[in-house]
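*Asks:* Protein sequence lines correspond, in order, to chains A and B.
With the first letter of the first sequence counted as 1, position 79 gets the number 80 in the working numbering; the numbers rise by one all the way through.
With the first letter of the second sequence counted as 1, position 177 gets the number 195 in the working numbering; the numbers rise by one all the way through.
Any given hint might turn out to be false.
[Claimed, not checked] No more than 35 Å apart at the CA atoms, straight line, and that leaves these computed lysine-lysine pairs for DSBU-like:
no.	chain 1	residue 1	chain 2	residue 2
1	A	Lys140	B	Lys171
2	A	Lys159	B	Lys93
3	A	Lys140	B	Lys90
[Stated by the list, open to error] Simulated coverage check for chain B against chain A, where a stretch passes if three residues somewhere in it have a Cβ under 8 Å from a Cβ of chain A:
no.	stretch
4	83-96
5	121-129
6	174-185
[Said to hold, decoys possible] Reference excerpt, derived from the structure (chain B facing chain A, CB under 10 Å, subset only):
no.	residue
7	Lys133
8	Pro136
9	Gly189
Note that these hints are calculated values from the structure, not bench results.
Nothing here was measured: the structure is a model prediction, and the numbers come from that model.
Even for Gly, the Cβ is constructed at its ideal location relative to N, Cα and C.
One letter stands for each residue in the lines below.
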Amino acid sequence: MLNEIGKQIEQSFAGVSAETGGEYRLKVEADKESVLSILGFLKNHSYDHLALISCVDRIEAGQLELVYLLNSYMESDDRYGEREKGTIILKTTVSREDPEIGTAIHVFQNAEPYERELHEMFGIDFDGHPRQIPLFLEKDYAIPPFRKDFDTRDYVEKELESIPAVED
Amino acid sequence: MDRGQLINWLKEPAKMSNKYSLHVVYFCTGCGIIEIPPSITARWDAERFGVKPVATPRQANLFLITGYVSLKTLKPIIRTYEQMPEPKYTVAFGSCPIDGGMYWDSYNTINHLDKFIPVDGYIAGCMPRPESIFVGVTHLWTMIDKGMADGYKRYRENYDRYRSNQEELYGELGWPPLFERDEKNAQ
Chain A
2 MLNEIGKQIE
12 QSFAGVSAET
22 GGEYRLKVEA
32 DKESVLSILG
42 FLKNHSYDHL
52 ALISCVDRIE
62 AGQLELVYLL
72 NSYMESDDRY
82 GEREKGTIIL
92 KTTVSREDPE
102 IGTAIHVFQN
112 AEPYERELHE
122 MFGIDFDGHP
132 RQIPLFLEKD
142 YAIPPFRKDF
152 DTRDYVEKEL
162 ESIPAVED
Chain B
19 MDRGQLINWL
29 KEPAKMSNKY
39 SLHVVYFCTG
49 CGIIEIPPSI
59 TARWDAERFG
69 VKPVATPRQA
79 NLFLITGYVS
89 LKTLKPIIRT
99 YEQMPEPKYT
109 VAFGSCPIDG
119 GMYWDSYNTI
129 NHLDKFIPVD
139 GYIAGCMPRP
149 ESIFVGVTHL
159 WTMIDKGMAD
169 GYKRYRENYD
179 RYRSNQEELY
189 GELGWPPLFE
199 RDEKNAQ
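Can you make the complete structure from the sequences, with help from the hints?
*Replies:* Here is the structure:
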């Protein structure tokens, strides 16, 4: 089943490679332009749970890798009809200097907090996101703190250790 | 009752009552709070030391900082501490509030809690066992007896410096100063 859906994606969209890994697992790599339509396609093919949007900082390649994790938990049965079971990992890359990608909220509404988090932790700009305001952080950081070139030790020395002790 | 303490009860009843009814504000920061449920329930029974969790800071006089202090939690910690009636005692719990612990180079965790609020005592460990909480409490009794647990007085005296440290970390704090600020003492 997963092989079939992988082939369907490869045929329907340009610049996509799909690779199965195990019985219930499929890895799809796509361009950032086609990600949203692939997400819509998968949602209609029983992968209706966006479990997570994550990000990997590929600093050597100068790119940020976005990871969308889609799940489908049930196989076909009488009540819910034609379904399949599995996990699809959808990966795409955006450039590190100008990271921008369309928001997935129109497809999966629960993408909103994930994208807000990625915006503040990695500095990715989600085009069309209704409120990209800070989610967890209290302060502004010059470099988003989850990027690999963010020097935590240097940050602690400059921002926290510089605060004087009140008493001995 | 310990008969040797009788004279203290007659001399300073308020202090003795304070000492034997340490009410802990139920405030969870970080992982250390996992040690509080076993401490207050039947297995270790903190109430035999007079230690008892209460719902609001207005009823409390002991503040256990249980675990690492992130930037987001420090703000409510300061507000909670300022709401507690005097005399109040702060005990930092675990290695993270002492010097950062395993979060020593984190972008989002403060390393030294005593730069922002006064701390009367520390319980080291990661995590401290309930027994060490009681050792800490009995030590705090001794400190109260000797008048050494004076964190709330130090907060009053050095309020300018504490407040300027808090403002250095956050910029605008969003609430007015607790005490009158003496600009001469400010750094």
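*Asks:* None of the hints should be skipped; say for each whether it holds.
*Replies:* Structure-based check of all given hints:
no.	hint	verdict
1	Lys140(A) - Lys171(B)	30 Å, holds
2	Lys159(A) - Lys93(B)	20 Å, holds
3	Lys140(A) - Lys90(B)	9 Å, holds
4	83-96	holds (count 3)
5	121-129	holds (count 7)
6	174-185	holds (count 4)
7	Lys133	5 Å, holds
8	Pro136	8 Å, holds
9	Gly189	8 Å, holds
The structure shown violates none of the earlier numbered hints.
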